[in-house]
Structure formats: C-alpha cells, structure tokens
Amino acid sequence: MNNQQAPLALEAVGICKSFGPLVANDTVNLQVEKGQIHALLGENGAGKSTLVNILFGLYKADEGEVRVAGKKVEMNSPHDAIEHKIGMVHQHFQLVPVLTVTENIVLGDEPTKKGGVLDFEKAAQEVEELGKRYGLEVDPRAVVEDLPIGYQQRVEILRSLYRQADVLILDEPTAVLTPQETDHLLEVLRSLTAEGVSIIFITHKLREVLAIADKVTVMRRGEVVGATDPKETNEEGLAEMMVGRSVVLRIAKSQATPGNTVLSIKELNVLDDRNQSALKDFSLDVKEGEIFGIAGVEGNGQRELVEAITGLRPIVSGSILMGEKEMSGCSAREISEEGISHIPENREKHGLVGPHSVADNLVLNRYFHSPFAARGIRQTEAINEEASHLVEKFDVRTASIHNPARTLSGGNKQKVIAARELSHDSSLLLAAQPTRGIDVGSIEFIHQQLVNERDAGVAVLLVSAELDEILSLSDRVGVIYQGKLVAIAPTDEFTRIQIGQLMTSGNS
Amino acid sequence: MKILRSALVPIIAVVLALLAGALLIQLSGSSPLEAYSALFEGSFVGWERFGTTLEKATPLIMGGLAVAFAFKGGLFNIGGQGQLLFGALIAGAAGYGFTGLPWIIHMPLALLLGAAAGAAWGAIPGVLKATRGAHEVITTIMLNFVAANAAEWLCTKVWRKPGDILVRTPMIEGSAEIPTFGNIPLGFLIAVAFALGVWYLLQKTTFGFEVRSVGLNPSAASYAGISTKRIVILTMAISGFLAGIGGSIETLGVLGRYEPGFNAGLGFDGITIALLARTNPIAVIPSAVLIASMDASASLMQFKAGVAPEITDVIEALILLFVATPIIVRWFFKSRQGEEISFGANWGSS
Amino acid sequence: MNSLLERIIRLRWWILVFLAIIAFTIFAGDFRQDPTTAILAATLRHSTPLVLGALCGMICERSGVINIGIEGQMLMSAFVGFTVTAATSSLYLGVAAGLACGMLMGAALGGLTVSLQGDQIIAGTVLNIFALGLTSFLYTPGETIHSKTPRISVGPLADLPVVGKIFFSNQPLTYVSLLLVAVIWYALFKTTWGLRTRAIGEHPSAAETVGVSVAKMRYLNLIIGGGIAGLAGAYLSLEAVGSFERGMTNGKGFVALAVMIFGRWNPVGAWGAALLFGYTNAIQTQFQFRGWLTGHPQFIGMIPFIVTIVVLAGFVGRARPPAAIGQPYTRE
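Residue numbers (this note's numbering), protein chains in the order written: chain A, 25 to 532; chain B, 702 to 1051; chain C, 71 to 402.
Everything labelled a hint here was simulated from the structure, so no lab data went into it.
Warning: the hint list may mix true and false statements.
As the list claims (entries may be wrong) - Below, simulated DSS-like cross-link-like pairs (lysine-lysine); rule was C-alpha separation at most 27 angstroms, straight line:
1. A:Lys255 - A:Lys58
2. C:Lys260 - A:Lys137
3. A:Lys138 - C:Lys235
4. A:Lys239 - A:Lys349
5. A:Lys58 - A:Lys277
6. A:Lys84 - A:Lys109
7. A:Lys311 - A:Lys84
8. A:Lys146 - C:Lys235
9. A:Lys290 - A:Lys239
10. C:Lys235 - C:Lys218
11. A:Lys239 - A:Lys95
12. A:Lys146 - A:Lys156
13. A:Lys109 - A:Lys58
14. A:Lys290 - A:Lys277
15. A:Lys156 - A:Lys304
16. A:Lys277 - A:Lys311
17. B:Lys1005 - A:Lys373
18. A:Lys373 - B:Lys862
19. A:Lys146 - A:Lys109
20. A:Lys349 - A:Lys311
21. A:Lys229 - A:Lys96
22. A:Lys304 - A:Lys290
23. C:Lys218 - A:Lys109
24. C:Lys260 - A:Lys84
25. C:Lys235 - A:Lys137
26. B:Lys930 - A:Lys349
27. C:Lys218 - A:Lys138
28. A:Lys508 - A:Lys290
29. A:Lys58 - A:Lys156
30. A:Lys229 - A:Lys239
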C-alpha cells in the first residue's frame, strides 16, 4: 500500500453491464481520489457513459459494486447518488426548458414554507450566491430555454453544487463549448478541486486530458485498457491506447479545385420553432469541388439553415438558388430531385425509419424511381439488389438487408444514411453533424467519403459543432453567430482561437 | 412458424378474455359451460347460422380494415362509426333514389356512393390534422356525434317516406340489392376482397410504402421528401372509404334500408378487431368472424344459459384489454415488440 | 396601470366574445331577468362535468400522460356512484364511491401506461370501451334513487340579484368544481408538487436525475386525476340526472379534453373554456323554450360537438402542450 495516496472519494469495482447481446462494461475498475480531476477517456461506444450512468444510479450494474469513501453503497436511482453527494453534468442537459434557472436547480430538493409551498425567493437568492462564489453567474429568474448553451451548462453544474456534491461527474462537457468557454470551465473545475471536490471528466479529446487531468483512465470496447498519469504520456500514446492502433488524426486531402457556384443563398430570413428569427439576412455561396464548413455554437441557426435549404422549413424572405433555379417554395421532394443530398443531424429521428428494413432505408429517397418501382408497384428484387450492393460498398455491418434498421449500431446507421445519400445523383451534399456519436472507424470512413465527394466535383456544405472536424475537412469556413455568417475565409486563414471568439461573440 | 408466433398473442388474449368472462358469468349465477356452448352453437352450427355469422362479420371486417389501415399510417380513427353510418345512409338513398337502372350498374353505384360518403366524412379529420394539427382521436369522435345528428335530420326531413312513422329511408330498389348465394352473402366476399386489396396496397405499392413510412416515422418520411400532409389526408379518406363500404353493404345486403341506430358499437368493434389482428389486413377477417360469432349468438346465450347479452360487450372489451397491453407480449417473448406507432406524438400540437 | 391596459388589449377578443355572449343571452332570455339568470346558472351547471374532466386531463397531461379515457372513467364512476346510492340510499356514500372508482380507473391507466409502457392513446381507448361494456352488462334497468344531491344556498350571498342565483345557490359538486379550479391552479404553480408535476411532463429524465421518481409521480397524478373524473361521473348520475343510463357521458370526456386544450393546460383557462361549452348546452334549452329551430333539433344537438372541433382546429398549436406527453418513460 502506498501511504502517500490520498483517500478514495469514489470507486467502481468489477462493474459489468450488458444491454442484450452488447457488453457495455466488462469488469471495469475505476478509482477516483479526493480532490482529483480524473479523466475518463475513450471513443464513442467505449462504455464511458454506461459506467458513469451506473455510478449515478441511472443504470443498474449486472455485477460489481460502487464504493463511496471506501464504503460499498447501493445505487438504485439518482436519488441514492445524490444522497451520497455525487453530482452529474449530463452530455444531453437534463434541464426542463420551460422552467426557470432556479426552478431547475432546486427541483427535487425544494426549499419550502409550510404545506409544500415553494419558497421561491430564498431559492433564487441561494442560486445567485452559488453562482457568484464559483464564477458561474447566471440570472436565477431566466427561463432555461432562453439561455445560450454555455449558460445552460452552468445551471447543470450549479444544480450539483446546490446539493453540495463531493464528486462531480461531467459527461463530455466541452462538446458544446467554444475554446474560450472550455478554458473557463477548466478553471472553474480547478477551483472546485481546491475545495476538495473530486471530478470525473469524460472526454474523447486528448488535448483536454493533457491540459487538466491528474489521472486518466482509458476505456476501449467496454474494458479499461489502462490508467496512467497524463504527464507520463503524450497525444499519440493516449490515442493508440484509446483506439488500439495508431490513428490517422488528419485526413489526407489534396488542394481543392472549386468550380461554378452550386448553391447560392441570398438574404435569407427564417423563423425557428418558436417563431423567433433564426436566420437574419443570411447569405452564402458554395462552389462545386469544395467543402464549406459552417462553424458555430449549436442553436445559432444551423438547423434552420439546413431545413430551409432542404425545403423542410418555410422561408420568410430571401432566395435559395441551385445553379440558376430558385428553390424557395419548392417541396422537399422537388428539392431533393434537383440534386441535393442530405445527411441529417438526427439520424434516428430524421434519417431512418427504424422499423423499416435496411434495404427499404437504403432507397428511402428513391423508392418511387425506376428500377425500384414500376407504375406504382414496388420492385422488391431491384431494391434488394441495390441494397446488397450498397451494404458491401459502404461496409455496413448487418446480418441481413432485411433486418430493421434500428437494430444497427450508430456508426452503421450513419453508413446506411451516407450510402443512400451519396448514391443519389446530386450536385450538393448537406452534411449536418455527420459523425456525432459514432466510433472512430466510422468517423474516418465518413470523412473520407466527404472528401471523395468533393473531389468528384460535388459541393459539400458541412455543418458541425466539432471545431476539429470543421478545421480538418473544410476548404473554406464560415462562422455562424445568432443567425448570421460573421466571417468567411479559407480555412488556413483562421486560428482555433479566432474561430472560438467569433463563435461566442460574433467578432474577433 | 412466423404466422403462428404472431398469432399467439391474439389467441392468448382471446383465451384470457373468455376465462375472465366465464368468471363473470359464474358470478352472475349462470353456467359458463352452457353459455359458451350456446355461443359456439349459435354462430357456427348449421349453414344458416354460419351464414348469419358471416353476414354480421361483414361490416366488422370493413370497420376493422378502416382502423387497421389508419393505424398503418399512424392515425387512430375512432370515427369508423360515423363514416360507416354515412356510407349506409347514402347507399340507402342511392338505393331507392335511382330507379330503372340494371343491377350491374345500380348496385355498384350505390355501393361506391356510400363509400365516397364515408371517404368524405373520414377526410375531414384528416384535413383538420394535416392543416390545423387537431388530433384525430377527438375530432373523429366528435364527428361521430355530428354524423348521428346529421343522419337523423336527413332521414327525417329529406329522405323519409311520406306517411312512415319511423325515422328511416324507404326500401331500396331490387336492382340495388347485394344478394346472398345460398348461405354465403356476396357482401362478405366483397369484404374479403377488400381485405386482400388493402394488404396489397400496403405491402406492394409505393403509396403503401409512403403510408407505412409516415406511420412509423413521420419526420424521417418528410425528410425523405414524402408529403406527410397529403398522406395523412389520403389515409383518413381511405380509412373512411373502407368504413363507408361496410355501411353500404349493411344497407344494400342486409337491412334493405337505412335506419338510425343499427350500428351502435360497430365503430368501437373495429378497434378491437384491428388490434386483435395486430393491424394485419388479412388477419382482420378471422378476428371479425370471431367478434361476429359473439354478436350472432348473444341471444341464444341468453335463451339457453340465461346470460345477459351484454356479456359479449364485456368479453370484447376484455379481449381488447389483453390484446392492447404489451403485458402478454412481455410475458411470452421477454422483449418489446409489436406496434411501434405512437399515437401520442403530435398530441395537441401541430 | 400600463400593464392593466396591456392586459385588456391582449384579451380584447375574449372581452368582445364575453360581451357578445352576455348580449345574446339577454336577447335569448327575452330581455327579462329570470330566463337570463336561468341560462347563466345552467351554463355553470353544464360546465361542471367539463371543468372536472378538463382538470383530470390537465393533471395527467401536465405529468406527461395523455388521458383519453376520461370518458370511461366518468362513465364507470357514474355507474358505481349510482349503484352505491341505490343500495345504501346515501348520496354521500355514492359520491365517495364514484371518487374511489375514478381513482381506481386512474390507477388502471397508470398500470397500462406507466408500468406496462403501453401506448397512452390505446390504453385510454381500452378504458373507454371497457367501461361501456362493463356498465352495460352490470346495469339493471329500474333501479332508482330517491333524490339528487340537494341545492345548497350560501347564506345571504344567495339572495343577491342575478349573481346569487348563478353562483351561490348550487348543488355540492358544482361548488367542489369551483374550489378545485382554485386549488389546482395554486398547487400547480406554487407548490413542490406542482413544480415536480410540470417537470415530469416536460422532461422526465431531468426530473429523474435529480431524484424525483417519474413513475411514482405519474401514478399519484393519474390517481388524483381519475378521482376528479370520478367526481364528474358522480355529478352526472347523482347531481344532474338522478339515474344512470347506458353511455350517459355522451362524449363529455372528450369534450373535456378540448376544454383543457382550449384553456391552454391552465386550470383557470379551462374553467373559462368549460363555461363557453356549458353555455352551448344551456342555450339549447332556451332555444327549445323560445321555439327556435324546434323543427330541427338535430342541429342544436350538434352544437357542442362542432364547437369542440372548431376549438381544436383553431387553437391547437397556439399554446404549447407539455413536451413529454404521449411517450412512455424508461430509465434505461
């Protein structure tokens, strides 16, 4: 025993968890010391989220135990975790959008007057004080859905601090933040450890691990493959540990040779779901043979832009030209037939009809065309033939093309969508968050496909919240901020810091 | 094997419902055995009774098809009652209103006019849903009440035979009648043909593919360029069309005229049948025959076993209860399967 | 002052509608006080089952569960309440039995939707058909009760002109419904229960992660809601009609849902909406009394249903329903 070792705040011992045939955690051990920032590193699907969901009582482990301060505890629900002073900042924020900041923070642990009547004033005051103390200021009376993403994350953190968490779990907290916001968050975390709070920090970004972690545990395919001090390693070492082979961190691509303008958007105005202005006099040109990347914090009009171009959202004013043809007012079908392919942001909801077979999903944009249909009758043989061909070409892992698409893994679902959209004869490819939440192998594959499309002369419009993705793929970058493009330039004229500033403030 | 497996849940549901019904019959002081043998005797023993069962099954098949088809498109049509009623009424009006037409023209014409009336009545909630976001469950039910009132008014003020004290249309012309061959009603065969047709439409055509896609994932369907509004309206119209056929056959093949109140509960039975058939159009046929057999033998059950005829309502409700809850599926298959359609989505929002 | 003016401007259409209704009522009442008062009092009475049904639907939907089975809950409770009163001659026991039956039906909906994760719309429909079948089977025609719930006058307030007859001289469940509107409004927006209820209807997993049990809260609220629907049922058989009839709810459970949507999932809004619907019923009687449209009673009978459709088509989407309704919640 090493006597120098600080006491353990939280410990996972021999955790096993399966979802059906999928083993998400296989005898996982994790030891978090008091006051430590412990990074949990691994690619998507490595089992990090499963592990912390078990630590937080959201999932029940099949085997193994959780120890808090050395004692075995039963984690049957988040309620138990909160009892043991464990807090969690979720990857998809667990906030009620229509409630205020204060209501969200006190929910489940409300200060009350007699008879269950809420003491809202007292609560708001406490929230305000907490925010000041930790550098996480936020208006306690604001409605959460009106707040920018970075502030919503503050609310999540404050909620754990309000419950006096000793251990704070953050699941991919920087995925939605700009570089500047990330720096601020890391500072806040540092100051928290100074007060004795232990932090589990989940990420797949090596840079952050090296910047902040006291210790790193690396997971791969549901197993812990190593735990080390980040100071004793480097990016390459960590990457190899994470993926199990050396990875190409950059896609090899040649210089772009842009040609004619394919898509031309002029002074476009579009409303969001709440009838607020989402795009304001938005203008943009994309040329054949280039990848145009749109960088920006999520919720600045990206989704509305994509939906407007594809005809899924009505436009208020402005024009969208495909070549010479005006597309505004056309139906989604007409626009797709004009030569636009679309890899949507939300693959389960918008990209696939889950219960339909893989084959049917592979022709979802062409099922009515010959040879897949003749006089309104579906031609099953032609559909199956095309599906078998695409499954092979795009290396979709499925037992059969007749299996329901929803049974595929995230990466394979995305390959089905990519296969379908890329085999559609098109001059413009819209790719929205094309690699979100999929494994490294699939990411590489999708990236390569985008570059191939570009080299074949297709105009590619890439929308991504991952700055790294934008920077490594795009030939030109535009930064979107509050519904406007605040800067456009060739990629190499920007630095990460500049883009980050443009993303948060609209100017550099 | 696959057919057996998917038929298992409905069969278990029916058995459970019959067992629960037996308990109720026992509690009400009668013999379940006597009651159930009367049920079987009253519906299947003898060609004549079997014919009656098929006759009663006919509107049930159409009502079940109407609900099942709408289900496939993600819509819950509780308005089968109103659509059926309009079909029956208009078929009745066309049946006596046109004179001097040959059977080969008059009968199909009356049948189709009734169906068109059902389609129009079904399209209303479709349009309201597609353009205004009004949930079809409430609008279809409200339209049932409106239809009952409107039909009564039409029967009283427009199509009543002078001097008739009852509120009903005059008898239809012989040239509009749907005949019965021996004991097998032609209407039943028409209904079976429609069941096959609906299956073909859903499984083999691009339109059916669009309907199923919209039913399973409307957002993905619209991302794929399918106009969900158009599909919603068409689905409801076709659903109403099918119910309208059911009403037409009842008028032209069984009653010979339209009388208000003939179809009490038929619309709800359609829901039970569609769920019992797990929305498979072919499986609607045996499901409807099963429910019809209960209706056909209810009076014999009362006569022989002294059970109130409403017991069949309870057993049907129990069948629905068991078949609509995933509980049996869970017990027997240890996994979630069955319908993936969610009717709760888009509730109260456009 | 400004805010008052703004509020008046914002509500200008409603104020106009209200004034138009009052004017029409006075006209329909032949410019005499008694018939006019009678129409308005009848409006309140007719609105009682609707507002109770709407409150039931609201509590369920606010917690994320669509309750399309209000109709069945009301019908079953109307039957049980009537049967218990017929057997015991006690109206209070009857009302209590109706309440309990409604709560049981609420728990049944909970079983189908929360525990078994069934489709909420289908589950509600099952309740409706089940209630219709079972009450038809169990009901023996000819059973009677001796009286309906008595009219209670609230002291001197009942003697006030017009207002006294409308508000302070009613039967008990009508008072209960008014009280419930206020209580549920306060509870929904000012108490811990309300905060948690709204949270699980908007974002159940968020509530679960802060230790609020979504399943328990949904069960609790479905049972409370069912109880309120039970009161509506008891109102029908014990307060309004004084007997039980097959299918006596006659679509009121569904109209109540439209009332809830029209009232934007807010108890006070629902009360206003229920009054509007109650008015369409109350005015029918006056139409018959005045001999208007008597040759075509079917058209008068259609009014509440058509109004419901118009309301749904016109107002859905203007207000946002709770975000999580219709979806079963699972933790894993």
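Quiz item: Holds or violated: Lys156 (chain A) with Lys304 (chain A), Cα cutoff 27 angstroms?
Solution: Measuring from Cα to Cα gives roughly 34 angstroms; hence the hint is violated.
Quiz item: CA of Lys277 (chain A) to CA of Lys311 (chain A), is that 27 angstroms or under?
Solution: holds, 17 angstroms
Self-check item: Holds or violated: Lys260 (chain C) to Lys84 (chain A), with C-alpha atoms at most 27 angstroms apart
Solution: violated, 34 angstroms
Quiz item: Under the criterion that the straight-line Cα-Cα distance not exceed 27 angstroms, is the pair Lys146 (chain A), Lys156 (chain A) satisfied?
Solution: holds, 16 angstroms
Quiz prompt | 27 angstroms limit on alpha-carbon distance, applied to hinted pair Lys138 (chain A) and Lys235 (chain C) | solution = Distance ~37 angstroms between Lys138 (chain A) and Lys235 (chain C) Cα, so the pair is violated.
Self-check item: Holds or violated: Lys930 (chain B) to Lys349 (chain A), with C-alpha atoms at most 27 angstroms apart
Solution: The given pair, whose Cα atoms are some 26 angstroms apart, holds under the 27 angstroms limit.
Practice problem: Below or equal to 27 angstroms on CA atoms is what counts here, so check Lys290 (chain A) against Lys239 (chain A). | Solution: violated, 50 angstroms
Quiz prompt | Pair hint Lys235 (chain C) and Lys218 (chain C), alpha-carbon separation not exceeding 27 angstroms | solution = holds, 19 angstroms
Practice problem: Quickly compare the C-alpha distance for Lys311 (chain A) and Lys84 (chain A) to 27 angstroms and report which way the hint goes. | Solution: Violated, at roughly 51 angstroms.
Exercise. Sort out whether Lys137 (chain A) lies within 27 angstroms of Lys260 (chain C), counting only the CA atoms.
Key: holds, 11 angstroms
Self-check item: Pair hint Lys239 (chain A) and Lys349 (chain A), alpha-carbon separation not exceeding 27 angstroms
Solution: violated, 57 angstroms
Quiz item: If you draw a straight line from the CA of Lys146 (chain A) to the CA of Lys109 (chain A), is it 27 angstroms or shorter?
Solution: Status holds; Cα separation ~22 angstroms.
In summary, the numbered hints that this structure violates are 3, 4, 5, 7, 8, 9, 14, 15, 17, 18, 21, 23, 24, 25, 27.
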